[in-house]
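*Asks:* Whenever a hint applies, use it, and build me the whole structure from the sequences.
2 protein chains.
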Amino acid sequence: MTLKGHHLIGYQTLAGPTGIEAVNPASGEALAPAYAMAGQAEVDQACQLAEDAFLTYRQLPLADRAAFLEAMADSIDALGETLTERAMLETGLPRARLEGERGRTCGQLRLFAGVLRSGDYLDIRTEPALPDRQPMPRPALAQQQIPLGPVAVFGASNFPLAFSVAGGDTAAALAAGCPVIVKAHSAHPGTSELVGRAVQEAAQASGMPEGVFSLLYGSGNELGQALVKDARIQAVGFTGSRNGGTALLRTAQQRPQPIPVFAEMSSINPVLLLPQHLEANAEGLAEAFAGSLVMGAGQFCTNPGLVLALSGAALERFVDRAGQAISEAEAQLMLTPGIHAAYEEGVARLQGRDGVTRVAMGKEAPDLACPCRPHLYRTSAETFIADPVLHDEVFGACGLIVECSSVEQMQTVLTALEGQLTATVHLEEADHELASRLLPLLERRAGRILFNGWPTGVEVCHSMVHGGPWPSTSDSRTTSVGSAAIQRFLRPVCYQNLPQEIAPDSLKESNPLGLPRQVDGKR
Amino acid sequence: MTLKGHHLIGYQTLAGPTGIEAVNPASGEALAPAYAMAGQAEVDQACQLAEDAFLTYRQLPLADRAAFLEAMADSIDALGETLTERAMLETGLPRARLEGERGRTCGQLRLFAGVLRSGDYLDIRTEPALPDRQPMPRPALAQQQIPLGPVAVFGASNFPLAFSVAGGDTAAALAAGCPVIVKAHSAHPGTSELVGRAVQEAAQASGMPEGVFSLLYGSGNELGQALVKDARIQAVGFTGSRNGGTALLRTAQQRPQPIPVFAEMSSINPVLLLPQHLEANAEGLAEAFAGSLVMGAGQFCTNPGLVLALSGAALERFVDRAGQAISEAEAQLMLTPGIHAAYEEGVARLQGRDGVTRVAMGKEAPDLACPCRPHLYRTSAETFIADPVLHDEVFGACGLIVECSSVEQMQTVLTALEGQLTATVHLEEADHELASRLLPLLERRAGRILFNGWPTGVEVCHSMVHGGPWPSTSDSRTTSVGSAAIQRFLRPVCYQNLPQEIAPDSLKESNPLGLPRQVDGKR
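Going down the list, the sequences are from chains Z and E. Using the working numbering, the first residue of the first sequence is number 1, and each one after it goes up by one. Using the working numbering, the first residue of the second sequence is number 1, and each one after it goes up by one.
FYI, nobody ran anything at the bench for these hints, they're computed from the structure. All of these numbers come straight from a predicted model, not from anything done at the bench. It cannot be assumed that every hint is accurate.
The list treats identical chains as interchangeable, and a pair is accepted whether it falls inside one copy or across any two copies.
Unchecked claim - Subject to a maximum C-alpha distance of 20 Å in a straight line, what follows is the list of computed SDA-like cross-link-like pairs (lysine to any residue): (1) Lys508 with Gln59; (2) Lys4 with Leu89; (3) Lys363 with Ala26; (4) Lys4 with Gly19; (5) Lys229 with Gly419; (6) Lys229 with Gln253; (7) Lys363 with Glu330; (8) Lys4 with Thr18; (9) Lys229 with Gln254; (10) Lys363 with Glu344; (11) Lys508 with Pro440; (12) Lys508 with Phe451; (13) Lys229 with Asp52.
*Replies:* In structure tokens form, the structure reads like this:
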């Protein structure tokens, strides 16, 4: 498949003045072809097609939408080596990681197909008429969830498949019945084009209305703002920086009709080492922590950037062994020159900070254009609490150990933290009493709480929450991973005394689709 | 019970410099006592108590929170005549209406007690560990909904009981596990104090932590802004004007940590008279419409302010009869001098508008300080579409009939409408085909769609949606009436490999609370 560098608008491809080239982060060299830059005209065209498609798409039988999602997965699978090789060139991520990520991407499309077939997500509630009720009769009432409308999705740099063109937000929005316009991440336009063409092909082959999917390339600022300002766009999915997410959120809020923005932005993912477990396992924990910190050059939203533990000999053993592991760790390739530069800046910020000392740094890699040299720092709880800069995410393999003089101080640190995607507790039975006291604090700070594990690695399933309080996300009431993500793109509608003859199948009393329903508050 | 005019902060009453007096809208006279005005100190105190109470309150057994809600209902019922009489004086609403509204208020508190006892709202999802899964084991995962934190609730003027101190937002937030700080509406401070003291008493008698409920009086602007800016407040419930809701929303969005605002703001509630049904029932529809329009002086969020129909003899018959009914309608008392003034302004705006003609106006009432003289206007679809002023709500008994020259034009009018709480269709079998074509348009514009009824009167139940797209509400994904309102104040948390010994009862594998659960995606 030859890459063309064209926008995909509905079932067309559209060339335009080019302005984006991917960069091989290993060599720093540009990768052909150059990609078109979308302006207002392309946004207009994609949005109008999406709006037109919405009218049809949202009313398709659930089984048809499910088949489309499965066709997308098949079509992405069928890209084979071409996709893996281009993604490796553009992102520097290793083959095994990208193959795994493709599995996750296709898996989540198929998961949502299952969600559609079950129909549970429609949350159908009915209350039959009670004509004889006193003092007033009750009308017949029914409720279902309907899709919001066209959704703008912003591809993430660090998951070029699972959180990009056909990633979590796209899958959830298409499942909900919302057409999607993706702004490709400029770091992997070729990967985006390949996946975009697979989606386009699957949509056409599945008989979906034209405009259910479009893919545009362009500047994050100009194209992003134009999409979010367009009156036809009804919701936004974003994974990226705090600045980027906040800018889109402000724009969405200033529209004549504000719309929801689901932005996943930043998280330092605290890890608590409880005292008894630390005492018994300092070295093992240190090695596992270092392994998790440097995995994938630390380029995960859930990378464990912060460790909290009580002062003492056990913590010193942990610090020594973690420092040793970090100092032996190889530098790894980062995704883009921009991410590399931001990492270097973040490390420099910590390096010069009062009260912060470097425990270790990993090996250099003079051959790589965009290396991530792992870093580990330590500080006191007092310093951490007093210095907001230490609460900022450094995206990459950089960790900070915070030494607490007491359990109370650990609680104070937790209370001082901003919202997080995850919080992790390492414990054993003798720590349970303390863990019980900490759990309510952790619930208020994080969307997912893990025990005796590491936060990187997010299971795509029904119970997952990949979300959390501000600023980890802009809307803590939803998740971006797992089947519950479909709820982002839905809203409830109530029908009162709806004539059976005009009722959609989902609301007919005879329940021809066999949907699960709540009747008079009982399932 | 003697009214004191003091704030209720936790279990204390607090006097302060007074600045608010209720006004009897019939006579224009002030009603004693004068009420205290809260400043930053009172906000601080109430918020700190709420924050402290949250830690305990959210972890209480569901049955304890349910018993508290029921005690609130009992305590409000026990206020008896005192409450009805004060509310009549302050609002000018008739006895039967207020007695019905008290029933609804206590009914919705008891409904939420049932929601808590069933536990379905926790949406518990579990996925057991799969240690042998290839290529990676699956950890044990569980998800539940937890409360957001302290909530600020703004009492509405037009439902002094059901959407005020112990109204829908308060009931939903307390059910969710969130302490509530109510800003009393200045139009009915005495009613607010009576209900507030009943809630305070019920909280104390039920052993709830102090601070689970506070009630403050003060300026909508200053006290409202201070509450929404307070870092401890985690969500806002509001029913009122578009300007008021938008101001609170902007403040909430500009906080260092933005929070959700659930503001119900404005709606003109279109009513479609489909041609066959109009032909057969023009006079009956006209009388029913006029009755609905003037009911309660039109002071309902769901008042039918807009009628759409095709031109022709049947519409003229409808207009004639509706005009006749309106011209015979008595003026009724409005809630406050401010609402009365806004109504007069709204009517004057229509009166002078190009292309708008007055069909009829109701009788004068020179004896009333704040009368609502009903008004009915008509215009063409072209004029309506071109003039945004005609899309604004006129709160009160003022209606506008829009004459459409074709079905296509009716569709254009619907598309031009802003988001609405309700849309109503009057039809008979011969109109079903047309109704089927219109239904998708109505779904995109409204939260509730009614057939052959009138939108005033909102059933408090599981299927109800009292919400809708902007600007009818600030968040179309929720409802303010009915059991689903609890979802506003919740967010999901996922627990990974949670040790059974520290798991809350709701998440224990043995399910000691007998909660409904979804396991591996199946209920």
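*Asks:* Taking the hints in turn, state whether each one holds.
*Replies:* Status of each hint after checking the structure:
1. Lys508 with Gln59: Only inside one copy: Lys508 and Gln59 sit 15 Å apart there, 40 Å across copies, limit 20 Å.
2. Lys4 with Leu89: The answer is within: 17 Å in one copy meets 20 Å, while 74 Å across copies does not.
3. Lys363 with Ala26: within (16 Å within a copy, 82 Å between copies)
4. Lys4 with Gly19: within (13 Å within a copy, 70 Å between copies)
5. Lys229 with Gly419: between (28 Å within a copy, 18 Å between copies)
6. Lys229 with Gln253: Both. Shortest intra-copy (10 Å) and inter-copy (17 Å) distances satisfy the 20 Å Cα cut-off.
7. Lys363 with Glu330: For Lys363 and Glu330, only the intra-copy Cα distance (5 Å) is at most 20 Å; the inter-copy one is 86 Å.
8. Lys4 with Thr18: within (11 Å within a copy, 72 Å between copies)
9. Lys229 with Gln254: both (9 Å within a copy, 19 Å between copies)
10. Lys363 with Glu344: within (14 Å within a copy, 76 Å between copies)
11. Lys508 with Pro440: This pair counts as between: shortest inter-copy Cα distance 16 Å, intra-copy 44 Å.
12. Lys508 with Phe451: between (45 Å within a copy, 15 Å between copies)
13. Lys229 with Asp52: Classified as within; 18 Å inside a copy, 41 Å across copies.
In this structure, every one of the numbered hints holds.
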